[in-house]
Structure formats: C-alpha cells, structure tokens
Amino acid sequence: MRKYLTIILFLIAVTYSGWVNGQQRFPKPEFSTGYVTPSPTTPEPRASLLEYTDVVILVIVLSIASWIALKKRSRRLMLWLSIFSLLYFGFYREGCICSIGAIQNVTLTLFDPLYAISLTALLFFLIPLIFTLFFGRTFCAAACPLGAIQDLLIITPFSTPVWIRKTLGFIPYVYLGLAVLYAATGTDFIICRYDPFVGFFRANASFNMFLIGASFLGLGLFFARPYCRIFCPYGAILNLMSRFSRKHLTITPAQCIQCKLCSTSCPFDAIEQPTEDQKTDELQGVNLKRFIIFGLLIPVWIAAGGYIGSKSHIFLSKANPHIYLTELLIAHPELKNDVNNIDIQTFLTSGKSFEVQVKEAEIIRHKFYIGGWIFGGFIGFVIGMMLMNQSVFRKRKDYQPHKGECFSCGRCLKYCPVKKDGTVEEIAKNITP
Amino acid sequence: MITVTNSQIVTFQKQKSNNEMADDKKFNRRDFIQNSMRITLGLAVAGLGGLTLMHSTKGNYVWQIDPFKCTQCGRCATSCVMSPSAVKCVNAYDLCGYCDLCTGYFKNGVKDLNTGAENLVCPTSAINRKFIEDPYFQFDINENLCIGCGKCVKGCTSFGNGSFILQIRHDRCKNCNECAIARLCPSDAIKRVPADKPYMIKGDFVKKDKS
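If you read the protein sequences in the order shown, they are chains A and B.
All letters in the first sequence, in the order written, are residues 114 to 546 by my numbering.
All letters in the second sequence, in the order written, are residues 13 to 223 by my numbering.
To be clear, the hints were calculated from the coordinates, so they are not data collected in a lab.
Beta carbons: idealized from backbone N, C-alpha and C, even for Gly.
There could be a bad hint or two in this list.
Derived contacts from chain A toward chain B, CB cut-off under 10 Å, selection only [stated by the list, open to error]: (1) Val219; (2) Ala417; (3) Tyr420.
In silico lysine-lysine, DSS-like type, Cα no more than 25 Å apart, as pairs [as the list claims (entries may be wrong)]: (4) A:Lys532 / A:Lys185; (5) A:Lys510 / A:Lys184; (6) B:Lys163 / B:Lys142; (7) A:Lys373 / A:Lys480; (8) B:Lys81 / B:Lys123; (9) B:Lys166 / B:Lys142; (10) A:Lys141 / B:Lys203; (11) A:Lys184 / B:Lys163; (12) B:Lys163 / B:Lys119; (13) B:Lys142 / A:Lys465; (14) A:Lys360 / A:Lys141; (15) A:Lys185 / A:Lys527; (16) B:Lys203 / A:Lys480; (17) A:Lys449 / B:Lys166; (18) B:Lys70 / A:Lys141; (19) B:Lys123 / B:Lys166; (20) A:Lys431 / A:Lys449; (21) A:Lys465 / B:Lys203; (22) A:Lys373 / B:Lys163; (23) A:Lys141 / A:Lys373; (24) A:Lys465 / B:Lys119; (25) B:Lys203 / A:Lys472; (26) A:Lys449 / B:Lys163; (27) B:Lys119 / A:Lys431; (28) B:Lys142 / B:Lys81; (29) A:Lys510 / A:Lys480; (30) A:Lys373 / A:Lys360; (31) A:Lys472 / B:Lys81; (32) A:Lys360 / A:Lys185; (33) B:Lys123 / A:Lys402; (34) A:Lys480 / A:Lys360; (35) A:Lys472 / A:Lys431; (36) A:Lys449 / B:Lys123; (37) A:Lys279 / A:Lys516; (38) A:Lys472 / A:Lys279; (39) A:Lys465 / A:Lys424; (40) A:Lys279 / A:Lys508.
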C-alpha cells in the first residue's frame with residue numbers, strides 16, 4: 114500500500130513540476146564563482162508621446178491643406194504637402210496608424226466590451242471627418258499617404274464614362290459594410306489586411322501584397338487614384354461628409370465665364386459641366402414622379418438587401434477562423450489524425466471539449482446572422498439612395514467640382530483664367546473652345 | 013472660332029444675376045437642406061465619437077505573446093509581415109537551469125554533444141552557449157540570427173524549465189493595427205497589451221487562471 118502511495122505521489126510530483134510556475138524541473142544552480150544572472154533585454158515600443166505628435170502633425174497638415182485649397186489656391190503647395198505626408202505617414206510611420214484602418218478600431222470598440230480604442234486611433238478617425246465637414250476632402254488631397262502615392266503616379270489619366278464610375282463607386286460601400294461586419298464580429302481587419310501600399314511603405318511584404326499594390330499603381334497610370342475611387346471605405350464616408358461641407362474648393366476664384374478651359378483638367382472626372390437648360394426643364398416633371406417612386410422603394414431595397422444578407426451569413430462567417438475550424442472538424446473528422454494540421458492539433462491538445470467549441474461557433478454565427486441583416490440592409494439602402502439620386506437633375510450654369518468626388522487636389526485651379534478681382538487674363542480673351 | 017470680349021462677359025454676368033434672382037427661392041431651399049444635413053452629420057460624428065470615447069484609453073496598445081498559451085507552432089517565423097519575423101526567442105534567465113545538456117540547444121538523441129550544426133536545434137545557430145562554471149552554461153540568443161521559429165522553445169518547454177520563450181520584440185515590431193500572426197495563432201496566444209507593460213516574460217509575470 115505504501116509502495117503504491119509513493120508511486121502516486123511521485124507521479125503527481127513529476128506532472129506538477131512541469132507546469133506549476135516557480136517550481137522548476139531543474140533548480141537554478143548555486144554558482145560558486147559569483148556569477149550574476151543577467152536579465153533579458155526588453156526594448157521599449159514607440160513612446161506614447163510620439164503617437165500624440167502624429168495627431169498634432171495630422172491636424173497641422175489638414176489645416177494647411179484646407180488653407181491651400183480654399184485661400185492660397187495653389188496646386189504646387191498641395192503637391193509638396195502631399196509629398197510630406199507620403200514621407201511622414203507613409204515611409205516614416207510605415208502606414209500605421211491610418212484613418213482608413215481606424216474605422217475598424219472604432220467598430221470593434223462599439224461591439225467588443227473587452228476592447229478599448231487608444232485615443233490616438235480615435236482621433237485619427239474623427240479629425241479628418243470634421244475637417245471634411247467644413248472644408249471638403251482636403252484629407253484625401255494632402256494628408257493621406259495612400260492617396261499621395263497614387264497621386265504622384267498619374268501619368269495619362271483617361272476619362273471614364275459616367276455609368277462605369279457610378280457603378281464602380283458602389284464598391285466602397287460594400288467594402289465599408291464588410292469591414293464593419295468583420296470588425297464587429299472580431300473576425301478580421303480586412304482593410305489592414307488588404308492595404309495595397311503598406312508593402313511599399315515598409316519595403317517588406319509578401320509577394321501577394323506587392324502584386325496587389327503594383328497592380329493598383331499600374332492601373333493608376335491610366336485610371337487616376339483607383340484605390341481612392343473604387344475601394345477606399347473611408348472615402349465613402351468622406352464623400353458623404355464632403356457633399357454637405359460648409360466650404361469647398363472652387364475652380365474659379367470669382368465668377369465662372371464658361372471658358373471650358375478647366376473641363377478636361379480633372380483626372381478624376383470630378384468636374385461637373387453646366388446643364389443645358391432645355392433638357393433639364395423637360396425632365397423636371399418626370400423627375401419628381403421618379404424621385405418619389407424611388408424614394409418609396411428604399412424600404413423595399415433595405416428589406417431585400419437585409420434578407421439576402423441574412424441568407425448569406427453562413428457564407429460570410431466562413432472567414433472567421435473559429436467557425437472555419439469547427440466546420441472543418443465536423444465535415445472532416447478524419448483530419449484529427451493529420452499531424453500536419455496545426456490548428457486541429459492545437460485544438461486537440463488544448464483540452465477544450467468539442468461541444469464548447471461548437472457552442473462558441475454558434476454564438477459567433479448568430480452574430481453574423483444579425484450582422485448579415487444589417488450589412489444587407491445597408492447595401493440595400495445605398496442602392497436605393499443611388500437610384501433616387503439618379504432622378505435628381507440639378508441645374509448648373511458653371512463648371513463646378515462635384516463636392517463628393519472632388520479630392521480638392523487643386524489641379525483645375527491653374528486652368529481658370531479668372532483672377533480674384535474678377536478680371537480675365539488676356540490669353541482667355543482669344544480662346545478657341 | 014469664338015472670341016470672348018470683356019463686354020460680352022459683362023452682359024453675361026448681368027444675365028446671370030437675373031437668373032439668380034429667379035432661382036432665389038430654390039437656392040434657399042438647397043441651402044436649408046445643405047445646412048440641416050451638415051448639422052445632422054456633425055451630430056452623428058460627435059455622437060459616434062462620444063460613444064467611442066467612453067471606451068477609449070489614453071495609452072497605446074502593442075502586441076505580445078503569452079508564453080503560457082504559446083504552443084510553438086512555428087507560424088511566428090512565417091506569418092509576420094516582417095521578414096525575418098519580429099518575434100524572437102528570449103531566455104528568461106531566472107528560470108534557466110543552465111543545463112550542460114540543454115534540450116533547447118541540442119537535438120534529441122544526437123550522437124556527440126558537440127556544437128556541430130547537425131547536433132543543434134536552432135536552424136540558424138542563433139543560440140550562443142557560454143561556459144560559466146562546471147557544469148553550467150549560459151545560453152544567449154543572437155537576435156540578428158533568430159527567426160522566431162520556436163524550435164528551441166519547444167525543446168526547452170517539453171523537457172526543461174521552459175525558460176526559452178517567444179516574445180514580440182518591440183524594436184522590430186511595426187505594431188500593425190491587425191497583427192498578422194495574431195490572426196493565425198492557433199492557440200490565441202497573441203493579444204494586445206498596454207504599451208507601458210509591453211513584455212510577458214516568464215518569471216516577471218505569473219500565469220493567470222487557466223480560463
């Protein structure tokens with residue numbers, strides 16, 4: 114009896130000694146030579162003070178950019194400011210943190226009670242929105258490193274038909290919706306994961322990352338700023354803010370004389386031409402009817418979108434690693450014997466029961482179900498609003514930038530022959546349109 | 013060929029002002045819509061900001077590996093956006109047994125216990141073995157060679173004291189908003205930690221409850 118007890122005690126001692134902290138398998142030696150144990154080095158991360166410096170620099174850059182766009186009206190200065198931002202926020206800060214990615218931090222804070230956003234990330238999210246609400250998208254013009262790197266590589270921009278632009282302009286909303294859905298469910302930060310230019314800023318990225326970045330820059334030679342115009346989810350929010358901005362860059366400093374000199378100056382097709390009065394007058398009556406019908410259809414779009422979104426929640430949730438692993442284990446139980454599958458082996462050795470794993474996966478999937486309704490409803494709302502907007506024809510007598518799509522880059526400014534006091538430059542008096 | 017003269021511009025501007033008079037009402041309505049939308053959006057941004065501000069912290073976050081959760085799967089070496097990885101092996105000297113036959117240093121069951129490459133666990137020979145006194149040796153990591161594969165960590169944790177641990181080194185880490193290895197970590201060992209306590213070195217910090 115005593116023999117068994119000793120063996121059991123010995124076994125307990127052996128198993129315990131392995132994982133109880135402080136009780137080592139091999140006790141620390143007592144050195145006789147006066148050797149002193151060194152302590153491991155711990156290089157400090159970047160100081161918080163420097164993070165706040167970034168916020169200050171962002172505010173300064175945005176202020177200068179707004180001043181350049183509205184008062185100074187100089188493309189050259191705007192270009193230099195954007196190069197500074199590219200060097201500082203891009204190559205020196207290596208792309209993190211950026212306002213675009215901060216969308217996800219804000220979302221995660223709202224949905225995950227265990228996560229608290231750092232104040233700098235929150236400020237990076239809010240400050241450009243506030244500036245845009247007052248001065249237009251000056252953030253895109255000069256403060257965003259992703260915009261700046263594309264802006265420098267516009268070589269021969271081609272004008273694209275309006276239907277292509279409007280259709281592609283729908284993608285940012287889908288991207289925004291997906292980013293919020295995946296951040297809210299704690300799945301992934303897709304904006305950061307598929308950031309096309311961070312590989313260039315760090316000069317260190319996987320082949321796929323370089324490939325995506327290079328194709329964006331390559332496309333950008335002919336289709337100016339492709340990421341900003343057809344992907345950027347933050348741009349979708351800024352677009353909305355800028356439409357109602359208090360002030361905005363104007364092409365002419367005084368009064369437009371319809372000289373058409375600026376009409377092809379914008380590489381982003383963001384300059385709206387004067388409407389031909391007769392055409393819009395004829396459409397006016399029809400428009401109102403269409404406007405009301407499409408307006409009433411919006412709830413239908415939301416419901417339809419929500420329904421489709423909720424139906425696809427199982428597909429959407431496959432991106433979640435927890436659900437992916439659980440589904441894999443259910444579909445292929447034989448993989449438990451696969452010693453090379455790290456995820457399954459780690460799960461099996463973790464001691465977590467399969468029931469718990471499935472229950473957790475069900476909770477996450479339910480989040481995706483609700484998220485699918487909201488995501489789909491949002492997409493339906495965007496479609497409905499876009500269609501309703503199609504029936505709004507505004508009369509324009511002047512050449513104006515489209516307040517939502519204009520990046521306030523200032524390229525058009527130097528084409529305008531009108532001076533601030535309203536006089537016209539000599540050269541424009543003899544133009545041949 | 014159209015030649016625009018100054019007089020034409022003047023007449024044009026006169027026309028324009030007449031038109032504006034006619035459209036005055038319409039423009040007022042548009043101004044009203046613009047203003048109210050701007051205020052709505054401003055309030056929405058302020059509300060979102062306020063709501064988020066309640067859950068914000070002044071300090072920053074950095075990523076770190078919990079060595080008690082780490083299972084040394086090897087993904088730190090391959091999945092970090094940095095190459096070589098920002099994850100390195102760290103020797104928590106306080107826990108080290110200074111063993112002659114270190115299982116994090118020598119491969120299991122080698123014929124000769126010499127420092128030939130075929131006998132060593134580390135694929136890049138990043139561990140320096142320094143004689144202290146008979147029979148104790150100090151093991152240091154050369155971080156310029158270490159790739160963070162965790163092979164030595166596995167050897168030390170399986171058979172030794174577990175003083176070798178993997179840690180994200182903050183002089184190399186870019187502190188990505190979304191850590192690429194945290195997403196792929198099979199044991200959920202990589203978490204955000206406050207930037208003023210950026211390391212989780214065994215001995216300095218104690219394992220929390222198993223949950």
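The hints, checked one at a time:
1. Val219: holds, 5 Å
2. Ala417: Interface hint status for alanine 417 of chain A: violated (25 Å vs cutoff 10 Å).
3. Tyr420: Hint on tyrosine 420 of chain A: violated, closest Cβ of chain B at ~26 Å, above 10 Å.
4. A:Lys532 / A:Lys185: holds, 13 Å
5. A:Lys510 / A:Lys184: Roughly 23 Å separates the two Cα atoms, so the pair holds.
6. B:Lys163 / B:Lys142: holds, 20 Å
7. A:Lys373 / A:Lys480: Status violated; Cα separation ~53 Å.
8. B:Lys81 / B:Lys123: Violated: lysine 81 of chain B and lysine 123 of chain B sit about 33 Å apart, past 25 Å.
9. B:Lys166 / B:Lys142: holds, 21 Å
10. A:Lys141 / B:Lys203: violated, 30 Å
11. A:Lys184 / B:Lys163: violated, 61 Å
12. B:Lys163 / B:Lys119: holds, 10 Å
13. B:Lys142 / A:Lys465: violated, 41 Å
14. A:Lys360 / A:Lys141: Distance ~70 Å between lysine 360 of chain A and lysine 141 of chain A Cα, so the pair is violated.
15. A:Lys185 / A:Lys527: Given pair lysine 185 of chain A, lysine 527 of chain A holds - Cα atoms ~12 Å apart, limit 25 Å.
16. B:Lys203 / A:Lys480: Distance ~22 Å between lysine 203 of chain B and lysine 480 of chain A Cα, so the pair holds.
17. A:Lys449 / B:Lys166: Cα-Cα ~21 Å, so holds.
18. B:Lys70 / A:Lys141: violated, 40 Å
19. B:Lys123 / B:Lys166: holds, 21 Å
20. A:Lys431 / A:Lys449: Since the Cα atoms of lysine 431 of chain A and lysine 449 of chain A sit roughly 20 Å apart, the hinted pair holds (cutoff 25 Å).
21. A:Lys465 / B:Lys203: Holds. Lysine 465 of chain A to lysine 203 of chain B sits at ~20 Å (cutoff 25 Å).
22. A:Lys373 / B:Lys163: Cα-Cα ~69 Å, so violated.
23. A:Lys141 / A:Lys373: violated, 84 Å
24. A:Lys465 / B:Lys119: violated, 31 Å
25. B:Lys203 / A:Lys472: With a Cα-Cα distance of about 23 Å, the restraint between lysine 203 of chain B and lysine 472 of chain A holds, given a limit of 25 Å.
26. A:Lys449 / B:Lys163: holds, 23 Å
27. B:Lys119 / A:Lys431: violated, 40 Å
28. B:Lys142 / B:Lys81: violated, 29 Å
29. A:Lys510 / A:Lys480: violated, 50 Å
30. A:Lys373 / A:Lys360: It holds: about 23 Å lies between the C-alpha atoms, which stays within 25 Å.
31. A:Lys472 / B:Lys81: holds, 22 Å
32. A:Lys360 / A:Lys185: holds, 14 Å
33. B:Lys123 / A:Lys402: violated, 89 Å
34. A:Lys480 / A:Lys360: Distance of about 41 Å is beyond 25 Å: violated.
35. A:Lys472 / A:Lys431: holds, 16 Å
36. A:Lys449 / B:Lys123: The given pair, whose Cα atoms are some 34 Å apart, is violated under the 25 Å limit.
37. A:Lys279 / A:Lys516: holds, 15 Å
38. A:Lys472 / A:Lys279: Roughly 43 Å between the alpha carbons, so the hint for lysine 472 of chain A and lysine 279 of chain A is violated.
39. A:Lys465 / A:Lys424: violated, 30 Å
40. A:Lys279 / A:Lys508: Answer holds: lysine 279 of chain A to lysine 508 of chain A is near 20 Å, not above 25 Å.
The structure does not agree with the numbered hints 2, 3, 7, 8, 10, 11, 13, 14, 18, 22, 23, 24, 27, 28, 29, 33, 34, 36, 38 and 39 stated previously, though it agrees with the rest.
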